[in-house]
Each structure stands twice: as C-alpha cells, then as structure tokens.
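**Student:** Using the sequences and the hints given, assemble the complete structure.
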Amino acid sequence: AQSVAQPEDQVNVAEGNPLTVKCTYSVSGNPYLFWYVQYPNRGLQFLLKYITGDNLVKGSYGFEAEFNKSQTSFHLKKPSALVSDSALYFCAVPPGNDYKLSFGAGTTVTVRA
Amino acid sequence: GAVVSQHPSWVICKSGTSVKIECRSLDFQATTMFWYRQFPKQSLMLMATSNEGSKATYEQGVEKDKFLINHASLTLSTLTVTSAHPEDSSFYICSARDSAMDHNEQFFGPGTRLTVL
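If you read the protein sequences in the order shown, they are chains W and E.
For the first sequence, the working numbering assigns the number 1 to the initial residue and increments by one for each residue that follows.
For the second sequence, the working numbering assigns the number 1 to the initial residue and increments by one for each residue that follows.
Treat the hints with care, since some could be wrong.
For lysine-lysine, the following BS3-like pairs were computed, each having C-alpha atoms within a straight-line distance of at most 27 Å [claimed, not checked]: (1) W:Lys100 <-> E:Lys41; (2) W:Lys100 <-> W:Lys77; (3) W:Lys77 <-> E:Lys41; (4) E:Lys41 <-> W:Lys49; (5) E:Lys20 <-> E:Lys55; (6) E:Lys41 <-> E:Lys66; (7) E:Lys41 <-> E:Lys14; (8) W:Lys22 <-> W:Lys69; (9) W:Lys100 <-> E:Lys14; (10) W:Lys49 <-> W:Lys69; (11) E:Lys20 <-> E:Lys66; (12) W:Lys77 <-> W:Lys58; (13) E:Lys55 <-> E:Lys66; (14) W:Lys22 <-> W:Lys100; (15) E:Lys55 <-> W:Lys100; (16) W:Lys58 <-> W:Lys100; (17) E:Lys41 <-> W:Lys22; (18) W:Lys100 <-> E:Lys64; (19) E:Lys66 <-> W:Lys100.
Covered, in the sense of this in silico footprint (three residues per stretch, anywhere, with C-beta under 8 Å from a C-beta of chain W), are these stretches of chain E [unchecked claim]: (20) 22-30; (21) 110-117.
These are calculated hints, taken from the structure and not from any lab test.
We put the CB at the ideal spot given by N, CA and C, even for glycine.
**Tutor:** Here's what the structure looks like:
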C-alpha cells in the first residue's frame with residue numbers, strides 16, 4: 001500500500017523565519033499528495049495538493065510544497081512563519097486505488113513570537 | 001464551497017447509551033463519506049467508508065455493530081456509537097468526497113468530541 005511518512009514529530013521556529021514540514025512518500029506510479037492542517041479541537045483544513053503538472057504547488061495561507069520525485073518527498077514550506085501557523089500538519093496519500101486517504105503521523109508546528 | 005458540517009460538536013453521555021453524530025455536505029453531493037477517530041495529538045484513524053445507498057465498509061478491527069453508519073442521502077451520513085463506554089471517548093471526524101471530482105481530495109467536518117462518563 002502507498003504511504004507517507006513525516007519524520008519529525010515537532011518543528012519549532014521563530015516568527016518570521018522559514019518553516020519546513022517534511023513528508024516522504026512511498027508510492028508506485030504518479031502519486032496524489034495532500035497537505036492538511038488541524039487547529040486544536042477542529043477538523044482538518046485543506047492546504048494544497050499535488051495531482052500532476054508543476055512540481056511546485058502553491059496553497060492556502062502562503063504555504064507551498066515541492067514534489068521531488070528523485071527524493072520521494074513533498075515537503076511543505078512557508079517563507080515567513082506566523083504565530084498563527086502553530087498547528088498540527090498532516091501529509092496524506094491515497095493508500096490504494098480507492099478514494100481513501102492515508103495520513104502521516106502528523107507534525108506539530110510551534111511558531112514562537 | 002466544499003463545506004462539511006458535523007453535529008453535535010461535542011457530546012457527553014452516560015455509559016451504555018447510544019450517541020448519533022451527523023455529517024453533512026452543505027454545498028456538494030458526496031456519494032462517499034469517511035469516518036475517522038482521533039486520539040489526542042495523534043493521526044487520524046480511518047474507521048469506515050460510508051457509501052450512499054449501500055452498506056458501509058469498515059476497516060479491520062472496527063466493530064460494525066458498535067459503530068453503525070448510515071448514508072441515506074447524497075449529503076448526509078450518520079455514525080451511531082451504540083452502548084457507549086468510556087473507552088469510546090474520542091474525537092470523531094467525518095469527511096466527504098465531492099462526487100464530481102475524480103481524485104481523493106476530502107473535505108473535513110469540524111469534528112465531534114465524545115465523552116462517555
């Protein structure tokens with residue numbers, strides 16, 4: 001089954017600094033990849049997706065992600081982090097040929113003022 | 001667009017009672033909805049796939065008689081936790097797939113916090 005891994009449980013950055021949240025994938029063929037963000041006691045909010053086309057995908061709230069086939073990565077980035085970006089971030093991929101999504105373990109981002 | 005609502009947002013019940021959680025797609029049709037369970041600071045665990053007009057498909061280890069799912073219309077799926085016990089306390093999140101899309105993007109509800117006393 002196709003899967004994603006988020007190697008970091010936590011990422012801490014200072015406000016104004018670049019933010020990177022890592023995700024690697026294990027898929028066969030061309031993957032669909034997603035990033036979601038979850039604020040405390042809330043559902044998930046869609047950030048961006050890679051389906052096909054440009055490797056650099058721009059999403060909501062100033063986030064972007066780069067699809068890197070050679071490194072099998074889909075890292076989420078933001079050039080200048082805000083305190084309000086503090087949340088739990090999930091990378092996701094369809095595990096098979098149905099419409100499910102398989103989520104990574106999640107990365108807690110803390111942006112300090 | 002692509003809004004999914006859940007009701008209630010939180011519920012507290014006594015052990016042994018049943019609780020129904022509703023998931024609605026407000027501005028799109030969803031032949032497929034998903035129910036997840038999430039423990040604090042953990043990832044989402046898929047419980048079941050809810051298919052409009054047919055039986056739900058449960059993931060391995062999820063008791064179908066415990067977690068009853070009904071998807072009676074293209075915009076509504078319900079999850080009923082039967083004879084709830086304290087170990088069923090959790091955050092339940094639903095999502096819906098827009099039937100007009102041909103890929104896996106899911107739109108998530110805000111979640112329901114269930115506490116069983």
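**Student:** Decide, hint by hint, whether the structure agrees.
**Tutor:** Checked hints:
1. W:Lys100 <-> E:Lys41: Holds. Lysine 100 of chain W to lysine 41 of chain E sits at ~21 Å (cutoff 27 Å).
2. W:Lys100 <-> W:Lys77: holds (25 Å)
3. W:Lys77 <-> E:Lys41: Answer holds: lysine 77 of chain W to lysine 41 of chain E is near 21 Å, not above 27 Å.
4. E:Lys41 <-> W:Lys49: Status holds; Cα separation ~23 Å.
5. E:Lys20 <-> E:Lys55: holds (17 Å)
6. E:Lys41 <-> E:Lys66: Between lysine 41 of chain E and lysine 66 of chain E the Cα gap is close to 24 Å, so the pair holds against 27 Å.
7. E:Lys41 <-> E:Lys14: holds (25 Å)
8. W:Lys22 <-> W:Lys69: With Cα atoms ~14 Å apart, lysine 22 of chain W and lysine 69 of chain W stay inside 27 Å; holds.
9. W:Lys100 <-> E:Lys14: Not OK: lysine 100 of chain W and lysine 14 of chain E at ~33 Å, beyond 27 Å, violated.
10. W:Lys49 <-> W:Lys69: holds (15 Å)
11. E:Lys20 <-> E:Lys66: holds (12 Å)
12. W:Lys77 <-> W:Lys58: holds (10 Å)
13. E:Lys55 <-> E:Lys66: Distance ~15 Å between lysine 55 of chain E and lysine 66 of chain E Cα, so the pair holds.
14. W:Lys22 <-> W:Lys100: holds (22 Å)
15. E:Lys55 <-> W:Lys100: Given pair lysine 55 of chain E, lysine 100 of chain W holds - Cα atoms ~16 Å apart, limit 27 Å.
16. W:Lys58 <-> W:Lys100: holds (23 Å)
17. E:Lys41 <-> W:Lys22: Given that 27 Å is the threshold and the Cα spacing comes to 17 Å, the pair holds.
18. W:Lys100 <-> E:Lys64: holds (18 Å)
19. E:Lys66 <-> W:Lys100: Since the Cα atoms of lysine 66 of chain E and lysine 100 of chain W sit roughly 22 Å apart, the hinted pair holds (cutoff 27 Å).
20. 22-30: Violated - the stretch 22-30 of chain E has 0 residues with a Cβ nearer than 8 Å to chain W, which falls short of three.
21. 110-117: With 3 residues closer than 8 Å to chain W, the stretch 110-117 of chain E meets the three-residue bar; holds.
Of the hints listed earlier, those the structure fails to meet are numbers 9, 20, in rising order.
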